[in-house]
Amino acid sequence: MLDMQHIIKVYRTDLVETHALRDFSVTVAEGEFVAVTGPSGSGKTTFLNIAGLLETPDGGRYQLDGDDVGTLGDDARAGIRNQRIGFIFQGFNLIPDLDVFDNVDVPLRYRGFVTRDRRARIERSLELVGLAARMRHLPSQLSGGQQQRVAIARAIAGDPRFLLADEPTGNLDSLMARQIMDLLAEINRQGTTIVLVTHDPELARRAHRNIHVMDGQVTDLKPYAARGAAPDAAVA
Amino acid sequence: MLGYYLRLAWLSLKRTPAITLLMIGAIALGIGATTTTLTVYHRMSTNPIAQRNDVLRAVTLDNWSADRPWDTDHPDNAPAELTYRDALAIAQGAPASRLVVMRKTSLTAEPGAGRPPFLVVVRLATHDFFPMFDVPFAYGAGWDGKADRDGEPVAVLSKETNGKLFGGENSVGKIVRLDGREYRVIGVLADWQPTPKFYDLNNGEYDTPEDLFLPFALGATLELQPAGNVNCWKPETLAGLRDLFGSECIWHQLWAELRTPAEVERFQSYIDGYVAEQKKLGRFPRRINNRLYTVDEWLARHEVVGRDSRVLLVVSFAFLAVCVLNVVGLLLSRFLGAAGATAIRRALGASRGEIFRQHLVEVGLVGALAGIGGLALGAVGLTALQQLYSSYDRLTQLDLSMTLAAIALAVLAGLLAGLYPAWRICRVQPAGYLKTQ
Ligand SMILES: Nc1ncnc2c1ncn2[C@@H]1O[C@H](COP(=O)(O)OP(=O)(O)OP(=O)(O)O)[C@@H](O)[C@H]1O
Ligand SMILES: [Mg+2]
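Chains C and S supply the protein sequences, listed in that same order.
Going by my numbering, the residue at position 175 of the first sequence is 175; the numbering climbs one at a time, nothing skipped.
Whatever position you read off the second sequence (first residue = 1), add 1000 for my numbering.
So here's chain S without its partners, still in its complex pose (with noise of 0.2 Å):
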């Protein structure tokens, strides 16, 4: 029966289009608002590396004043990160299957032959960051430990970089020139886009990942400087990079993969020994609050949803209803008008669940039709946000899980609208409406 009311549903669209049109026209500007918010929400808030979830933990350590809490609306949270000694000396020393200590900093890149030179983001890491974060290589892999240890002149560059610099071929093995120095590309990275960028959320967490990765140790001599945020506390005399490395100022991430539980325990246990060491050393003079974060955590803990774009979803959500509301009406008075046919087919034996179906598939259509709609709206809206916050780049494609959704929405939108209208019709009386002339 779904194909002859698909087809009855589609010529009866037909015999009112201005009607029909106005209805998808009103579901499809509601499914327009919601997808555009639904989208940014959507994406703000996905946890980007959830297949590890459970393994990832970013760590904390309460280094902070002994007047204030690092955030005074949540005392209970330690400083987001990590001084460079402590970072270092955990990264050095704590048990834990993979462990990623890293900062950003900035470069200029020259590329040569006549070509101006161009500012490059670098991230410094430890060799743990790409196989911990599942990034992806289109040519060559990361470094390896020895590296680290060695502070290896090595490169690795975003595809994007490697596009700028060397059109995007395999260019492992060439040389890159930063500064005036001469680094080798061992990796170029395939397209990689985590959203938020989960593993330093405190330096843009909608931004791209950096253009250009390269060893930890590489930091500290060449004297590389900081290029996120530093966040003191301390009256500390800061005359150069060599005493901010000293300082208690916080410029780094750390980050554990811990495989079992025991294997969080350990590492917990070994962070808040070593807090209470430093202790004894007239540190941390807090009471020890060393904190491990999924990356779900982390997220939740940075409130990387905002409320604004909380609230639109709750208002795009509304003026969705308002459309539904509108449909109803529309609906209503359609269904009443064709009252007629209905009847005949009442009268010849179609029950009141067939005449309720065939009026389902009917709105079901609208809905879908406003679905496909509401995409193309939304595509509209996501654009204009595009070019309103241009850091809102990468928040607003819409991917395929968010086009099913819409689609999904709007039918439910339709069915929702056609309930009523569908229960109605579906209870006339025959008699009264056939005609005796």
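Here chain C stands alone, though its shape is the one from the complex (with noise of 0.2 Å):
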């Protein structure tokens, strides 16, 4: 379970200060598949990147299954994200020199799987995703899509308890969207906790819960509710 309470990000530059985030405070549950909306610089990302141990929280508490781990050191985190955590970034980020099996590959390495172990799992994602005609590929050699989901396959390979995912169907067709989301409900069944940056309100109807972020805060607000607008209409 996660749990945030009171969260604060400021990232310095020369010039500005921006607020990221202040008094954020979210709670997800085991098991639960939680979609996050919010307009473009909202803080999304932010939430996600102090959520998966990418970044520190400059203030608040945040607890994964219990512990404390807004202070925890460098390789700790490094641990934890290796361990628990399943990420599909905004870009893909896939490793341009390595081919598909190998970017599959990355997370397990430092996992320390042994080599049947990490095949395995590799053959197996990449079935799921649909990609596993393409192991040999280079990310230059896959359309957008493709890519996409090679980055979902990387996430999921190590079965992680957690999964965050930021707009993991934005490069894709509404087709291929839906797929995704099928897939990630499946993994979701599984028992995965999904937590899913997105702005297509048709996909955020599909999880337990949604979290609306606004200038960096969770607002009670349901934008699309009460403009009372039906979010099909907002797709169109």
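For the record, the hints were derived by calculation from the structure and aren't laboratory data.
Just so you know, not all the hints are guaranteed correct.
Said to hold, decoys possible - Here are the computed lysine to aspartate or glutamate pairs in the DMTMM-like style, where the Cα-Cα straight-line distance is at most 20 Å:
(1) S/K1014 x C/D97
(2) S/K1014 x C/D215
(3) S/K1014 x C/D99
Starting from the two chains in their separate frames, assemble the complex, guided by the hints.
This is the structure in structure tokens:
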């Protein structure tokens, strides 16, 4: 279970201070499928980065599975990222020199799995995303949608407890987007807790719960409902 | 993980072949320079008979002038060589496990069968020369004490001389003609190249050993002229070889094999006693100063490693350091250029240590490749040295230990160059580098 209370994150550059998260509080229960929506720049990626221990908060308390992880050292955070968290980044963030197989292999390598286990996991997860036939292709030889699916395969190959997905369907057509959502729903049914950032209200509706982020804070406001517009209309 | 890191390193080096070659070239240049100088230095300064270092002693007696020491820079050093009569007297009387007295001469070998005669450099030595200095034989053996006493006309040939005279076959029992006299071949040496030529540093320390070896006694009975250095201090009339035999001039080398400290002590007191006796006869005007040197001490006393090559060594290492510094910059820009991939690895759970090791393996690989390149350059440098100084011939061969040392040095240089860049890259904060689009 993931529990953030009064999290603050401030980005400072020479000229400006950006309060990316201010008094940000959220709890995600074990096995939940939560969709995060909000306008661009509202702090969704920042939230996921902190949730995934890629960044440390400047204030507040963050507990993962009951442990205070906001203050852990670098190596401990890397270990938790590796073992418990699957990331699907907003960009694909595949390593261009490595083929599909080796890209999916990256988190498994640091996990210390034996060769046979790694191979089985890679093949299974590529099969799940429909790319088993492209294992020896380089990312540059794949379409955007295919690259996104490689990124998904990489995130799920290690069977993480938490899956943090930042716009995983942003680069896909609506049919493919729905397939990916089906896949995520299936993964969630098998017990993985999922936090999904999306701009697509239709996809957001398929989650158990929606969190709306505005100006670095969780709002209770249900934007589409409040405006009285049907979510499907917003998509169109 | 090492196999994985090596594969990543290889991929990474392939990605930017130009920079990779530049880095390998830079380290290889430094390694080439250091291997060239290290080889010369190493061959100049190694003890070629280290296995017998502790039992062999070069013998010196101070028979020099009362007015000035043998070596004004090192007034405590006795002369490096001995007179004929002192060398002979000690060789005949001193208590030692083995003893060799020797000098150099030269003769003309006559191969016969219409082939032209040629000059051979000859070592006149007593029979212990061969066992004392671990001289390897291809055929036959050296002579014995009886041959020394009787001055038998027997000869031991070097491998080269045997090649020239007998085409390299077993020539034991055959006759070799030298200056019109016949000698029976009783031994042929295998390849023997002690570098430096420790047993006689006064006569070409980096020369090859002599072409031919004859019993020492023949030098007196046949009145063979000296071919090495002859140093004299006393105003004496030296009309001929007979005078030289009786003079205070030094031109003989004397070595003793002393196996225990007690034996060393006994030998030392014998030669001190000998000089004390000679003093009574009006010789040896200086204070008693007879020294025994192990091979190591003997090489050190003769400063076999020249100051020049020591300076060169320092300069070449400084050059290597400059090359390494250049590579630091190249590595830094390469590693930071690929920070995106590193950020992904970090985000997916690679620890700093794992990233650090991955990059060190990469620079280690660069170093190893540079080592091979550097050896090739070093070989070129050594060939060039050989062309410049023909007497460097035998100093300029790369041996196995130098080859391994060069590769180890290259890997070390690579690791040194990579230490800071690898440290920098392993501290990359993943979030900042991940693409969001
Ligand atoms: N590394 C950074 N340095 C400075 N400012 C940053 C940094 N990362 C994010 N920000 C700022 O923090 C705020 C929140 O950014 P964030 O990426 O979390 O938004 P987002 O909700 O994910 O937006 P989008 O929907 O466009 O991806 C933005 O104003 C952004 O400019
Ligand atoms: Mg974002």
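Numbered hints the structure breaks, given as an ascending list:
Result: hint 2 breaks, nothing else.
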